[in-house]
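Peer 1: Single-letter residue listing:
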Amino acid sequence: MAYLIIALISVLLVALIAWPLLRGAPGEQPVAQGDDLRAVEEELQRSLDAIREIEMDHRAGNLSDEDFAALDREERARAVELMRRRDTLTAGSAA
Amino acid sequence: MTLVGRAALLLAFAAALYAVGAALWSRRKGRREFLASAERGVWAVFATTTTAVVVMWILLLSNRFDVADVAGYSNITLGWRYKITALWGSQAGSLLLWMWFLSIAAVLVVLTNRKRNRELMPVVVAVLMGIAVFFTSVLSFITSPFATISPVPADGRGLNPLLQNPYMESHPPLLYIGYVGLSIPFAFAIAALVTRRLDSTWITSIRRWTILSWMFLTIGIILGSRWAYEELGWGGYWAWDPVENAALMPWLVATAFLHSVMVQERRGMLRIWNMVLVILTFTLALFGTFLTRSGILSSVHAFGESTLGPYFLALIIVVLAGSFVLLISRLSLLRSENSLESYISREAIFLYNNLLLVGLAFAVFWGTMFPVLTEAVQGEKITVGQGFFNQVAAPIGLALLFFTGVGPLIPWRKASPRELRRRFLWPLVVAVIAVIPAIYFAQEGAHWWAALAIVLGAFTVACILGEYWRGIKVRHQLGGISWPGAVGQLFSRNRRRYGGYIVHLGVVSIIVAIACQGAFSTQGDLALRTGQTGEVAGYQFTNDGGTRTRDDHKMSVGVALGVSEGGNRFATLNPGVDVFTAQMQRSSEVAVDTSPFRDVYVVLVGLTPDGLARISVFINPMMMWIWIGGLVMVLGSIIAVWPSRRPREAVVPAAAGADGRVPE
Amino acid sequence: MKSRSRFAIALTLAVALGAWLIWTSIGGSLETYTSPAGLVKTSDGTTYRLNGKVAPGSPADAAERAQTAEGLRFVVRDKERPSVTVPVVYRGSVPDAFKDDREIVVTGRMENGVFQADRGTLITLCPSKFMQEQADKGKTMPDDIPKGSSGT
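Chains as they are written, first to last, in the working numbering: chain A, 1 to 95; chain B, 1 to 664; chain C, 1 to 152.
The hints are simulated quantities; they were obtained by calculation from the structure and are not laboratory data.
Heads up, a few of these hints could be off.
[As the list claims (entries may be wrong)] Ranges of calculated distance between the beta carbons of each label pair, as one might list FRET restraints:
1. W483/B x W20/C: 46 to 56 Å
2. R73/C x P609/B: 17 to 27 Å
3. D65/A x S644/B: 21 to 31 Å
Note that the structure is predicted; figures quoted are calculated from it, not measured.
Glycine residues also receive a C-beta, built at the ideal position from the N, C-alpha and C atoms.
I would like the entire structure built from these sequences, with the hints used as guidance.
Peer 2: In structure tokens, the structure reads:
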């Protein structure tokens, strides 16, 4: 009995694992590019969050005007750069 | 049944081995289908390990005493709940639990990354399954939970009564979830190094995992202390025992990582350092398992010396050496994007906090391993007492407390002195006010560091509350939002920051409570006949009479103690001692009267037939705040990891693109 | 570049400070781990952590005795050489697991052939299983559970 169960489980597992191989190459897209795009988008999102946080910190009085100006300028430059990269990537994948 | 269990573990081993191979193979061109196959291998490992765990539970519940671990950790009279938890009473069983959690975590990683990180995933799967190969092979070939014994005993030996309580039911699994969770940041870090995709993608992918694992480690450590406090009956909760240190070290380094990772996200700095921290954290998690299981150090919790030590040591060495060789080969890719501009900036504070945390972890490591080192060098085992740990931890803890308060108020990059003065005015006022009670305590002959902890604690709380106040106020004024609405928005827009501050409040509570307990706790022994009254530290204890009972498996004695202060009787405590007949094992039942300012903690040492009760009394100030602080920390972490629905309306980018003042 | 070297100096200072802290703290708290066999030779003022087993004949009311002025008196024997023993005087709390044949660790000093234990330092190496006990009684052991070197 026990042996039967074990044999059954083993066969099932092998089938489960081997299935993608038998079915042949699946439709996985050019993977790296999707990952790149996602990376840029996440970084962009974080940059936008940072801009918002700097803004809030400034209004809350946590940042002096000069400090705010410098930080804000730098962070916005980064966001724009990231947006540019995102646009290049999406244009590339669309083409 | 045992055969099914053994077979399941062997199959898990085979599947894990296959998954490592297939995942690595899939990195070759045109072999992508092998990644899908490897991911199914992860599922197979999960299914088979789950089978093994279920089989073990069936064996425990059906009293199969032909299985060594069932006979050793369970018996007929044991309640079903403890039969379930007896799984992690044994060495093999606890490794099985580790493995099970690992398989669950691996499946979750596969599930959440079906459409993401496709380039990282082969290596992530290979690393996680590589760890699984180690554990399944240990479970299959070295210490199997399904080993049988003959002759078959009529009854098992039962679970150690010390472990029969809710804290011990939950403490090991929680700690293990924490340990296992830390293997995922590690897997992603290695994957990033191998694939050279060292942008911040991997960091984003593991952020939640790290906070969650850290949270479970925190709960595990706190429940462990709570267990020691309530069960071991020596009035304390932490003894710098190797097993406790084993859990503390990965926690400290993981805490450092949680902070320094923000520097990398925001400023692109500390990239090598973060890699080192991730690798160290995971190694220390393995090391923790190794310490508790190897018998290399004698501990209160000595789990019986075992043969597993060398295997774990080999794994740790392979992991450390492999990771660092890999890291060194990628150093050129990990250059910092920015440099430190000022020593008074957020990133600098994070750096100090990191140095302190890692330094403390190093000191704890040093102190824990000292006997092993001296034995190797001098041939004489020299241990360091608790005094060492306390002496090192006190100043570092206080410095950390200080930075906890200061950090959030100091802006990134640099701070102008004028701003700082304005920002710290109120916290400093609060700290100065707090000096008054601190002086009062210091006069009572207390340690200076406890007084300092109170002052710094007040300062830090003022800093944090100030942050909340400013954040809420600006949101309230800005959009005309109601006050509660502003609070909600504060948390929902920036969960990690404001959830993190809540964690900080919990930390302050714990550090201040530890300092007070350490400095102001008093202990006294009393010997009271029925009706007599004795006094410890201003509290009077009256012996109201003892009781004796016995049933099938234990004899119990107890005494009713009236506790009063200044003639006002406020509690009756019933400390007792159980003696379990099966093993002739004593188990003290301590009695505690808790209030916000102090615990009255009473242990019954003995009760003579003529009614003389000997009791030990501990007055522990502020103890409650350790447990409350722990709860607050967990609450804060939950807020920090709670998924937020991001408002995708990007107000800022439009402005950034349009107003023309952007590029340099 | 200048800021970099300044940073390096600051870091070195921090590490040095940490090392100094560890070094001074460790000095005051060293305890030599020893067994009754290792203790026989000495009677200097060194603090020892004595590790051994409680010799048969320890009082049943150990916890009560440890609270009295005379203290708890018991004998510790060497794990490897049971004939070598050391008498111990101890006051303070006694762990629940304390009894004959249990492995213990206690901190203190040798004075006139008696080990004067520090208050409250008695620790039993409490097994989370009862394997050790079983081995001592010479019952059958599950053969795949490692016995460890100190068991017998």
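Peer 1: Tell me the numbers of any earlier hints that the structure contravenes, in ascending order.
Peer 2: Of the numbered hints, all hold.
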